[in-house]
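A.B. asks: Chains as they are written, first to last, in the working numbering: chain A, 1 to 581; chain B, 1001 to 1188.
Possibly wrong hints are sitting among the right ones.
[Claimed, not checked] Pairs of lysine-lysine, DSSO-like flavour, derived with a Cα cap of 27 angstroms: (1) Lys1065/B x Lys174/A; (2) Lys1132/B x Lys171/A; (3) Lys174/A x Lys1132/B; (4) Lys19/A x Lys44/A; (5) Lys1065/B x Lys226/A; (6) Lys1045/B x Lys226/A.
[Said to hold, decoys possible] Stretch by stretch, here's where chain A covers chain B in the computed footprint (C-beta under 8 angstroms, at least three residues): (7) 1006 to 1020; (8) 1072 to 1083.
By construction, these hints were calculated from the structure, which means they are not laboratory data.
Glycine is no exception: its CB is placed at the ideal position from the N, C-alpha and C atoms.
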Amino acid sequence: MSDQETTTKLLPKDEAAAKGLVNVHIDGNWIQVPKGTRMIEACKIAEKEVPHYCYHPKLTSPGNCRMCLVQMGMPPRPAPGADPVFGDDGFQEIGWMPRPVIACANTVAENMGIRTTGDLVEKTREGVMEFLLINHPLDCPICDQAGECSLQEFSVEHGRGQSRFVEDKVKKPKNVDIGPRVNLDDERCIMCSRCIRFMDEVAEDAVLGFSERGTHTTVTCHPDRKLDSNYGMNTIDLCPVGALTSKDFRFQMRVWFLKETKSIDVNCGTGCNTLIWTRGSQIYRVTPRRNDEVNSEWMPDSHRLAFHEVQGDNRLTDPMIKVDDKHEITDWHTANTAVADALKQFEPSEIAIIASARQTNEELFLTHTLASTLGAENIATVERIGEADGKLISADRNPNTNGAKLILGETTKKLDSIKAGLNDGSVKALIVLSEDIFEAAGFSHDDLANAELVVSSHIIANATAKVSDIVLPGASFAEKRGSMVNVLGRLQRLNQALQPAGNAREDWEIIRDLILALTGEPNDLYMIEEVVKVIAENIPAFEGMTFSKIGEQGIKLIETGVEIPLLTKERERASAGIIVG
Amino acid sequence: MSQEILENNVASEPTPGEKHFPVFAVTDDIIALADDRISHYPESKLSAVLPLIHIVQHKHGFVSKEAITWIAEKLEIEPMKVVSVVTFYPGFRQSAPGKFHYRVCRTLSCAMAGSYELMDQICEITGIDRSKLSHHHPIVVSPCGVYSVEFAECLASCGTGPVCLVNDDFHENIKPENAQDLINQYKA
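If we strip away everything but chain A, and leave its shape as in the complex, we get (with noise of 0.2 angstroms):
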């Protein structure tokens, strides 16, 4: 008989309970999601698009746009005594309910339908849209927002082509100056909150918040505590409108003119996951880029606009060669030869190569290559350590601490030695890639007043660039392809947004280039894909590497058994249930 039992099917609650799951029936689909996933990430999971302003995965969810409104059904409750009854397929039939649920805020339950499209949710849909729009300002066309703004996005989709509202409109504080790098304009703001929410949750400096009351209700700061944490420019990303606006962006392009590339950060170890968006030659802003390992959906503003350094009047866009104490503008060719031939003057002991934590994996492996083929030893890199700040920046400010590490080996402690064999004559001459040796090492002009030649590449015409024989223009961080590993020992792509400013290479081609010249042997590596190739090769911890392998979210190469401190508090969050995360 216990037997007879067994033999009977399943049904699919038990099937989906078993594995800690539950059925829901998504517009005329069944589907099965975890236990406990949010009604909006259901139905993402079954890819419908539920319009929503104030849910963000990342934030709790207060539930008060009401854009995310859908019908919910439950199966009848059974009467008392009696069995639930299921059908063919073996679910219960669903019993809808005339009123419609926010889905951001409710949890799926076993046998649920939700219906995500019909009558009812087109009715309150427009309803709602029609509510927010009864006050918004129409000044689309000169609004930084138009074009990746939610709402004229779900206006166009579920708003009325005209306006039925005749009275008069509440007019709240324009060009409001909350803070030293966001605008904010209080007529734009729906009240979705998520700005007041990221700055109590994430960037834990509460100062936004709420006056006023009902249709009066503002967005604003107390005006001694006003906007000016270094998180708060990743409120405007978060404003589904544009009433949080950036300084530094407003009024600069029309985001539809703008092209964006996937990139990383490389103003500190964390590497934030970005897009680059430029227009011809131009970046004009970098935003983050959701990564949940790494940065989550948040940069630090003074890392968003670092950009800006890149842009300067003082960038090297041409090879030079100093003649009488002028630098010469000369070609590539020329330049590469003149290196190239100063340094076969020098034994392999006497030459240095002070490289940089800040290169690539692919420009280190190169800088390696060239070190070899000249047979010097003397290889450095220099440390920035600054303060992390408990969030996503990292006490170390070079972008690929680890990469240098795991290429060149440690290298921090040779920049003592090549100091000292520069001041007693042992050290003759420097190569200097992507490093200003004044700034961050430290060195002085006495400590280069016994160098015969002084070779360097660098973006911006610094004080090294100004004492080195042969200077050689690199390429920003947007101009180049490449890859760091990171303080969590998780390998990531830079790519290329712009092409290098005026005759400037990127760094890769530059050592490629000088190790042609100074072997006179083609060496097969035209593409960086290739460079990347002989790096799987040769360094252990890269075997099988490839940039496609890499991809947009990059890959765990090394443990380093850092945390980053924003993402521990989140993952707690999360797993709490406050957010989704």
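Based on these hints, arrange chain B on the given structure of chain A.
C.D. replies: Same frame as chain A, but now just chain B:
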């Protein structure tokens, strides 16, 4: 201009009523009152924000910028969070009322029983000009600073309208023609 918008969140308009209230100051007295209220909320001090605003308004007539800063420091929260609460409730004021603050009910029963006429009478007698009213300044104070008026929503005595709350005293069945009596009861 822009900084002014933010300053307005906490600004107090000068009114003739100010002379009737002591200027806000952090005294041992108010600290003791606040600490006592905070001790009622062992889970989170945040919950004491409403009682603290009440204490300040009761003593000083309105909630000034300095008071907001003090409450925020006391509760270890951002001052903006206090501003949110102060501006949310119409019961909290950011500028001084008169010595006697008249809250006339304007919800349906009282409105039908003549509370608008009562308001007009009170204003005429006390010399209050309600045309200066705005959403952000719902209270008007008489030139002498003794009286101020404000419409209130339902005061929970619909059977005896029009009703009026003068400071903390409740008055029922006040016909507009009896407004003078209501004023006479409160003389400076």
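A.B. asks: Look at each hint and say if it fits the structure.
C.D. replies: Cross-check of the supplied hints:
no.: 1; hint: Lys1065/B x Lys174/A; verdict: 23 angstroms, holds
no.: 2; hint: Lys1132/B x Lys171/A; verdict: 18 angstroms, holds
no.: 3; hint: Lys174/A x Lys1132/B; verdict: 24 angstroms, holds
no.: 4; hint: Lys19/A x Lys44/A; verdict: 20 angstroms, holds
no.: 5; hint: Lys1065/B x Lys226/A; verdict: 15 angstroms, holds
no.: 6; hint: Lys1045/B x Lys226/A; verdict: 23 angstroms, holds
no.: 7; hint: 1006 to 1020; verdict: holds (count 4)
no.: 8; hint: 1072 to 1083; verdict: holds (count 6)
In this structure, every one of the numbered hints holds.
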